[in-house]
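**Q** Take 1 as the starting number for the sequence shown in the numbering used here and just add one per residue.
If you are wondering where the hints come from, they were derived from the structure by calculation, not from laboratory data.
Quick caveat: nothing in here was measured; it's all calculated off a predicted structure.
Where a beta carbon is used, it is the ideal one built from N, C-alpha and C, also for glycine.
Check before you lean on any hint, since a few could be wrong.
Said to hold, decoys possible - Have a look at the derived ranges for each label pair, beta carbon to beta carbon:
1. 14 / 225: 30 to 38 Å
2. 3 / 27: 29 to 37 Å
3. 239 / 154: 19 to 27 Å
4. 119 / 82: 17 to 25 Å
As the list claims (entries may be wrong) - With a straight-line Cα cutoff of 20 Å, these simulated EDC-like cross-link-like pairs (lysine to aspartate or glutamate) come out:
5. 119 / 65
6. 29 / 196
7. 106 / 235
8. 3 / 18
9. 198 / 100
10. 74 / 100
11. 198 / 122
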Amino acid sequence: MLKIKGFKNGKFEPFYDETFTTLDSLKTKTLVIDLRNNFGGRLDEIDYLYSYLTNTNYTFINKSEINTRFPVLKSLMSNSRSFGSKLVAGLLSPGLAVADILRVSKKDGQLYYRFKSSKEQEPKPLNFKGKIYVLINGNSFSASSVLSTQLKGSNRAIFVGEETGGAYNGTVAGIYKIYELPNTKVKARIGLMHIDSKFKTEPDGFGVKPDIKIVPTHNDRLNSIDPELKWVLNDIKTKK
């Protein structure tokens, strides 16, 4: 069982390399990935993880819709508040502008940003070939939903739990604009890129729905009972 609380912290490459090397050496047949209460994080990390979960070439996301030719540069400049951060942004601006130019293209009047994840890639040599279960709930957002969409759309896993809070058809993320409310001074971070997989569902506006819907009760949580995982373990046992 691989429980991932978020895709934000630490060096993920050695962790996943070691994890799937171990799974391969143990000849593991079934993997349970727990994405419940995972609010998301890095695109590079979920792409890297998915490369261990597929055995075919894949394109993880589409090119991302944007509304400026210099998305990274403008985000850095607009979010720089102090003199020091503005100075750093100014020094970096020539290089960032060139990088943006190389990654931004236009089609049918719409601007697109090309991430590394929008290129066709090969799976990792030690990719997991066994059965996969994914546990999800309403607190599965952003990057965890993008990963779930890819696994769901490619029929790679069985989903157990509740519909994800993040949408099946993509999320608004990538780079951000930070707004500070004038009275409360609360800061809100607004995504500026549309990040989505090639897989889509109709009608729009829904999350990734489970194949097996299980909603924990209040008593389940109070007594540390995990009905989603219990169902998975029972399903594994009955199909041996």
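**Q** Hint by hint, say whether it matches the structure.
**A** Hints versus structure:
About 34 Å separates the C-beta atoms of residue 14 and residue 225, a value consistent with the hinted range of 30 to 38 Å. One distance hint, 29 to 37 Å for the beta-carbon pair residue 3 and residue 27, is violated here, with the actual separation near 22 Å. Hint check: residue 239 to residue 154, Cβ distance near 21 Å, so the stated range 19 to 27 Å holds. Checking the proposed 17 to 25 Å range against residue 119 and residue 82 shows it is violated: the Cβ atoms sit about 36 Å from each other.
Pair hint residue 119 plus residue 65 holds up; C-alpha atoms about 15 Å apart against a cutoff of 20 Å. Of the pairs offered as hints, the one joining residue 29 and residue 196 is violated, with about 30 Å between alpha carbons and a cut-off of 20 Å exceeded. Using a Cα cut-off of 20 Å, the hinted pair residue 106 and residue 235 is violated, with the two alpha carbons roughly 48 Å apart. Proximity of residue 3 to residue 18 is assessed by CA-CA distance (about 15 Å); at most 20 Å being required, the pair is judged to hold.
Distance check on the hinted pair: residue 198 and residue 100 sit about 23 Å apart at the alpha-carbon level, beyond 20 Å; violated. Of the supplied pair hints, the one linking residue 74 and residue 100 holds, its CA atoms being roughly 10 Å apart against a limit of 20 Å. Distance hint between residue 198 and residue 122 is fulfilled; the C-alpha atoms sit about 17 Å from each other, no more than 20 Å.
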